[in-house]
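Number of protein chains: 2
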Amino acid sequence: MPVGTVASVKGVSQDILEDLGAQIILGNTYHLYLRPGVKTVRKMGGLHRFMSWPRAILTDSGGFQVFSLNELRKVTEEGVTFRSHLDGSAHFFSPESAMAAQIGLGADIIMAFDECTEYPADRERVRASMEMTLRWAERSKQYFEEHKHEVPWNPLPAASALPDDDGERTECRQLRTGYCQALFGIVQGGMDRGLRRESAERTIEIGFPGYAIGGLSVGEPRELTREIVESTLEHLPKDKPRYLMGVGTPEEIVEYASLGIDMMDCVLPTRAARHGLLFTSQGRISIKQARYAQDPAPLDPNCGCRVCQRYSRAYLRHLYASNEMLAQVLNTVHNLSFYLDTMRRVRHAISLGEETRFLSGVWSRPKPQASNDAG
Amino acid sequence: MPVGTVASVKGVSQDILEDLGAQIILGNTYHLYLRPGVKTVRKMGGLHRFMSWPRAILTDSGGFQVFSLNELRKVTEEGVTFRSHLDGSAHFFSPESAMAAQIGLGADIIMAFDECTEYPADRERVRASMEMTLRWAERSKQYFEEHKHEVPWNPLPAASALPDDDGERTECRQLRTGYCQALFGIVQGGMDRGLRRESAERTIEIGFPGYAIGGLSVGEPRELTREIVESTLEHLPKDKPRYLMGVGTPEEIVEYASLGIDMMDCVLPTRAARHGLLFTSQGRISIKQARYAQDPAPLDPNCGCRVCQRYSRAYLRHLYASNEMLAQVLNTVHNLSFYLDTMRRVRHAISLGEETRFLSGVWSRPKPQASNDAG
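Keeping their order, the protein sequence lines are chains A and B. Residue numbers for the first sequence follow numbering that gives the first Met the number 0, so the first one is 0 and each next one is one higher. Residue numbers for the second sequence follow numbering that gives the first Met the number 0, so the first one is 0 and each next one is one higher.
Just so you know, these hints were derived from the structure itself, not from any lab. All values reported here derive from a predicted model rather than from experimental measurement. Accuracy of the hints is not assured; some may be wrong.
Below, in silico cross-link-like pairs of lysine-lysine (DSSO-like), each with a Cα-Cα straight-line distance of 30 Å or less [as the list claims (entries may be wrong)]:
id, chain 1, residue 1, chain 2, residue 2
1, B, K9, A, K287
2, B, K140, B, K38
3, B, K140, B, K287
4, B, K287, A, K38
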């Protein structure tokens, strides 16, 4: 999922995102809550209409970003008090208010309010944090169930006015074609396999249409991330979307997909692009380097994106060196194209089936001693 | 002509410029000479190939921008010594080196090296400056005639190797389909009608395939600009392009076109867009204003551009207020669309002919006491 923090994937217009084949983008509740504000987005008909994006949107719960405001927040059982990074004003997020915000924004998939446990943390701290996230998950679900009809794009009357035997009322069978959003739960538990298992099982008990793995990519070694992802996945239902939050490099998203992850989001392709770091089929390119100043080749000869089809490395290097806005625009378009192409190849490999997927070249055959968990 | 200073119309990719119907864009020789440098552009096959722009390009002579570097330049009969605004390095532009640079860049239309006379200036100073511009025009033409075969995209052998009776050799009948660029002369003469006439007549004597009016929009009152444009046009041939440099607002470009101007360039649509000032059929809009925060209407209900067709004022206001890159991109696309639409309406009005053009609504009928110079 490309990240569109404040209802815009930085520098890329929505028609180009459509051309790139993006099926879903992510918005950040914390940022949108501060600016333009939930009230404005609700009044404009929800995020889809506000930003003119007819495809799917997922919003995070605001939790992760509030927890990133180290100096500016205070956590209690009730919720989190924090100060805006924009103007220092005081705000409060609870599971209930985070749900209210996300219902008001009206994304297709919204996330339970969780605490992203810091790393490193001792077992007691991780357990306490996990327990609070579980209580917050229950509160998130309860508030959501009571208020899910309040989405801005809801063409139907309030739930209480519906007949009781309307089976669809409490089911989110179809995104945005019905009248409610899908609320996903988030598994925490730090780097402890036991706590991860417990978090997964008790989150499943609460019951959600999809599950995310949170609290990773917070500074731990890469190998540990993989180990926790792999062990947590064993305890998540295979018939529901499994979402790994905040990863990763192109190699990582292929690897996590091979483990069974269905959804990922990361600022890497867009943020790296703005700093001139480009992902290609031949490896990473730092386009600012003088070696590209007179290079007539496309950025990636194997890429079909509108940037690689039209411009040379020399031109892209010139734009970047000259601090031209178009550098950031074109670099972002290419990196998104590369990521979305990567996921298309992953889906193709999956569609080939267990026996033949390695033929696609996306995944290498597992080494004999490694377990093959590709699911 | 949209301005693409360093081979990019800021924030707008070339395919969108094509969609907007831009037939020609302007590049600034001073900036391109400094970065990426003429040598690089030449090696990449010229500006068209370097920036992947198959339509027409005009480069200025560098004179105007060098003259804008008040503190950093020194003018002699030979040329101008100046310091780069980027790194303070010393450089020298003469009529010959400015031609060499523009031939190396390989635009379709290039400009003679002139001195843009400051305003205000006394008659003696204006005459001396005009005389130097005339001497520089001769030197520009002479250098161009001797070197015009050196364009980077020239598929033909050097002029000396061509048969003498090749009538096309010294004629620039077809832009970029032949082998030479079109070098335009520039009329100076300050705000003095007599000197403007003399400058025009003596520039025509030197002989160019097109003529520009320079040295205006340098701080003089708007009415004076119009008066000098009108009086200068009387002395320029109607069968050759007449180019007014550095104007103007949408109202002004309509007015100057009605006087007989064929070409104009201005940073106003693109620069104003980046500052949130948008031109619409209903007047100017400063999109940063809070009044647009929940306005669901398109920027301009009469505009068919991709911005007005897809986004609301509320969204554009949000992007601008959030300092999102997409604000500058979308605002620029709209303003360029508005300008190019304006010129399309002007061309349509002209095609209607002398008697009926006022029916188009682009031009109002002249007041009885005003002279009608529309040509």
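Going down the list of hints, with the structure as the test:
1. Between K9(B) and K287(A) the CA atoms are separated by roughly 18 Å; this keeps the pair inside 30 Å, and the hint holds.
2. For the hint linking K140(B) to K38(B), the alpha-carbon distance of about 22 Å falls within 30 Å, and the restraint holds.
3. A C-alpha spacing of about 48 Å is found between K140(B) and K287(B), which places the hinted pair above 30 Å, so the restraint is violated.
4. Using a Cα cut-off of 30 Å, the hinted pair K287(B) and K38(A) holds, with the two alpha carbons roughly 19 Å apart.
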